[in-house]
Amino acid sequence: MKAAPLPTPSPCRVLAPALDTYLDGELSPPQVVEVETHLAQCSCCRERLALDRALRATMKNKGQVRAPASLRERLRVVLAEPAPRTVAPSLGRCLHDSATVLPFRRPDRVAGAPLRALTKAPRPAGRLVSLAERRSRTPLRSRHVVPFAVAAGVAFAVSLHRPAAPTAPAVPPPPASLHAEVGLDGIVHELVSLHAQPLPPEVTQPEEIRRFDPFVGVPVEPPKFQRFGAKWEGGRMLPLRDSRAAVLQYSMAGGHRISVYVYDPRRVRPESSTLRQRVIQDSPVYVGNVRGYNVAATERRGVGYAVATDLDERENIELIAASAP
Amino acid sequence: MVISPPPGPLSEAESFEQEALAHLDAMYSVACRLTRSTVQAEDLVQDAVVKAMRARGQFQPGTNMKAWLLRIVTTTFLNQYKRGGLERDVLDGPDADPLADGWMSTATMRAMRDAEALALQPLLQEELQAALEALPEEFRLAVVLSDVEEMSYKEIADIMGCPIGTVMSRLHRGRKLLKSALHEHAVALGIIDEAAEAEPTNLEEYRAKRRVAAR
Numbered sequence: 374m375k376a377a378p379l380p381t382p383s384p385c386r387v388l389a390p391a392l393d394t395y396l397d398g399e400l401s402p403p404q405v406v407e408v409e410t411h412l413a414q415c416s417c418c419r420e421r422l423a424l425d426r427a428l429r430a431t432m433k434n435k436g437q438v439r440a441p442a443s444l445r446e447r448l449r450v451v452l453a454e455p456a457p458r459t460v461a462p463s464l465g466r467c468l469h470d471s472a473t474v475l476p477f478r479r480p481d482r483v484a485g486a487p488l489r490a491l492t493k494a495p496r497p498a499g500r501l502v503s504l505a506e507r508r509s510r511t512p513l514r515s516r517h518v519v520p521f522a523v524a525a526g527v528a529f530a531v532s533l534h535r536p537a538a539p540t541a542p543a544v545p546p547p548p549a550s551l552h553a554e555v556g557l558d559g560i561v562h563e564l565v566s567l568h569a570q571p572l573p574p575e576v577t578q579p580e581e582i583r584r585f586d587p588f589v590g591v592p593v594e595p596p597k598f599q600r601f602g603a604k605w606e607g608g609r610m611l612p613l614r615d616s617r618a619a620v621l622q623y624s625m626a627g628g629h630r631i632s633v634y635v636y637d638p639r640r641v642r643p644e645s646s647t648l649r650q651r652v653i654q655d656s657p658v659y660v661g662n663v664r665g666y667n668v669a670a671t672e673r674r675g676v677g678y679a680v681a682t683d684l685d686e687r688e689n690i691e692l693i694a695a696s697a698p
Numbered sequence: 179m180v181i182s183p184p185p186g187p188l189s190e191a192e193s194f195e196q197e198a199l200a201h202l203d204a205m206y207s208v209a210c211r212l213t214r215s216t217v218q219a220e221d222l223v224q225d226a227v228v229k230a231m232r233a234r235g236q237f238q239p240g241t242n243m244k245a246w247l248l249r250i251v252t253t254t255f256l257n258q259y260k261r262g263g264l265e266r267d268v269l270d271g272p273d274a275d276p277l278a279d280g281w282m283s284t285a286t287m288r289a290m291r292d293a294e295a296l297a298l299q300p301l302l303q304e305e306l307q308a309a310l311e312a313l314p315e316e317f318r319l320a321v322v323l324s325d326v327e328e329m330s331y332k333e334i335a336d337i338m339g340c341p342i343g344t345v346m347s348r349l350h351r352g353r354k355l356l357k358s359a360l361h362e363h364a365v366a367l368g369i370i371d372e373a374a375e376a377e378p379t380n381l382e383e384y385r386a387k388r389r390v391a392a393r
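Chains as they are written, first to last, in this note's numbering: chain S, 374 to 698; chain D, 179 to 393.
With the rest of the complex left out, here is chain S (with noise of 0.2 Å):
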């Protein structure tokens, strides 16, 4: 005896799939007519595909998010350094296998128009001249570019008539790889000592400061601390191994002083045995006490900040977290 017949699946079972793939825009010509003409007869799909609709909608809406300006300014800070970094050093294996990234071979349907702008551009003529033109170029958008992305508040026309860098032979090259062989500690103990038995300063100008900048390796930018009542005092570079870090000296009344110490953290471990870590504003910062004087110690968009002060720790925060806006 034969079998029964399997039951034929309901049209509803069949095109479910399918209204996926419809709504997707995926299905071809003939397959639109077959689900379109179900949908016609059927409550039930209607209602699935109100359903995905909606859902779709919902999605699209809740999902398009726009990055922060934070991240535009760090990704402008990165992209105007001759050498590229990452800011996050869990991830910076991941940027040497390139070998990843293949290229597509499908024609584009979005971004065509954009793309002529780029076939269109001229190239440089030769490789001397793409040289010279990267080392002008480079100082001329940090200059530019970075005290946006350091300090927002400074009007450009500040940053336009802000007085050359040094020229090309008084900067010290950049080295081929940074080890970064001091760790926070180190830091922290030379801030500490400057703190404590202050060196005059070299610059009393803030907008000298600036000069700084080719040495230390990141913009320095004097932090503005008017709102707690700090006065500006100078700033002065100091060794931090192969390199220099920046230290600005701030006065209060009542005796007060902050010393602020502005870094290459890609020369610097985030890493120390003195200090706590604390999570303010979604950053790291380190704080702690060093032989009596408060600390607190930070990166941000690629710039170390630490601040010695005889102020207390809260105090220490709010002022870290004023230097690196």
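Please note: incorrect hints may appear among the correct ones.
[What the hints assert, rightly or not] Which stretches of chain D does chain S cover? Using the computed rule of at least three CB atoms under 8 Å from a CB of chain S, they are:
| hint | region |
| --- | --- |
| 1 | 192-202 |
| 2 | 224-233 |
| 3 | 302-315 |
| 4 | 326-339 |
| 5 | 351-364 |
[Said to hold, decoys possible] Pairs of lysine-lysine residues, derived as DSSO-like cross-links and limited to a Cα-Cα distance of at most 30 Å, are as follows:
| hint | chain 1 | residue 1 | chain 2 | residue 2 |
| --- | --- | --- | --- | --- |
| 6 | D | 354 | S | 433 |
| 7 | S | 433 | D | 332 |
| 8 | D | 244 | S | 433 |
| 9 | D | 332 | S | 604 |
| 10 | D | 354 | D | 244 |
| 11 | D | 357 | D | 332 |
| 12 | S | 435 | D | 244 |
| 13 | D | 332 | D | 354 |
| 14 | D | 332 | D | 244 |
| 15 | D | 357 | S | 433 |
| 16 | S | 604 | D | 357 |
| 17 | D | 244 | D | 357 |
| 18 | D | 354 | S | 435 |
Please keep in mind that the hints were generated in silico from the structure rather than gathered at the bench. Note that the structure is predicted; figures quoted are calculated from it, not measured. Virtual Cβ for every residue (Gly too), placed ideally from N, Cα, C.
Starting from the structure of chain S, add chain D where the hints point.
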């Protein structure tokens, strides 16, 4: 006489950078979904952008830059967080029974959406984020690329490095899981009347039972 050079046309690198940064929001949106953390998403996007700038020679002008960038975001994420790639997750994923179907009644489906806003019920909108985050990675990525970034199946296949058929099945399963998670929330939130749900929602099952009962 020294003439300072006019602000000439952008260099090749600068044009490329400018065009790549035009897709920053898309990269960040996808990175947020992948990492489920805004902090990690920023790091991921930064790495991907730096990587893209280095690998820009490999980009073929005339192809879709957004898809190319999203592929870099994805591979960077996979290399960083998922040494073994996506496939392992699919095999172990909560999809052991591909036939399990979130077949809902018409009334239930209607109750889950907001007819006026042509979107989900506001309460379920709030739950969508959690439901999406609970999806296995490869489903989440496929759904986000399709529904948020509106990429084609082919583009998603290129980004995820898998055949189009796999994209379709990931999308289908991902959306099914999403809907059943939202359905559970809807019941828990009282949007759907549980009594109404007592009636069989799986038509095939219901018919099969009827057939068995009729013998």
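Here's how the hints hold up against the structure:
Here the region 192-202 of chain D counts 7 residues with a CB under 8 Å from a CB of chain S, which clears the bar of 3, and the coverage holds. Taking a C-beta to C-beta cut-off of 8 Å, the region 224-233 of chain D contributes 9 residues in contact with chain S, enough for the three needed, and the coverage statement holds. Given a C-beta distance limit of less than 8 Å, the hint that chain S covers the region 302-315 of chain D holds, as 5 residues qualify and 3 suffice. With 7 residues bearing a CB less than 8 Å from a CB of chain S, the region 326-339 of chain D meets the requirement of three and the coverage assertion stands.
For a cut-off of 8 Å, the count of residues in the region 351-364 of chain D with a CB near a CB of chain S stands at 4, and the three-residue condition holds. For a cut-off of 30 Å, the pair hint linking residue 354 of chain D to residue 433 of chain S stands: about 17 Å separates their Cα positions. Between the alpha carbons of residue 433 of chain S and residue 332 of chain D the distance comes to roughly 20 Å, so the proposed pair stays at or under 30 Å and holds. Of the pairs offered as hints, the one joining residue 244 of chain D and residue 433 of chain S holds, with about 17 Å between alpha carbons and a cut-off of 30 Å not exceeded.
With a CA separation close to 61 Å, the supplied pair residue 332 of chain D and residue 604 of chain S exceeds the 30 Å bound. For the given pair, residue 354 of chain D sits about 27 Å from residue 244 of chain D by alpha-carbon distance, which is consistent with the 30 Å threshold. For the proposed pair residue 357 of chain D and residue 332 of chain D, the alpha carbon gap of about 24 Å is at most 30 Å, so the pair holds. With a CA separation close to 20 Å, the supplied pair residue 435 of chain S and residue 244 of chain D stays within the 30 Å bound.
Between residue 332 of chain D and residue 354 of chain D the CA atoms are separated by roughly 21 Å; this keeps the pair inside 30 Å, and the hint holds. The hinted pair formed by residue 332 of chain D and residue 244 of chain D meets the criterion: a straight-line CA distance of about 13 Å does not exceed 30 Å. Pair hint residue 357 of chain D plus residue 433 of chain S holds up; C-alpha atoms about 15 Å apart against a cutoff of 30 Å. Proximity of residue 604 of chain S to residue 357 of chain D is assessed by CA-CA distance (about 60 Å); at most 30 Å being required, the pair is judged violated.
Taking the CA atoms of residue 244 of chain D and residue 357 of chain D, the gap is near 28 Å; set against the 30 Å cutoff, the hint holds. Pair hint residue 354 of chain D plus residue 435 of chain S holds up; C-alpha atoms about 19 Å apart against a cutoff of 30 Å.
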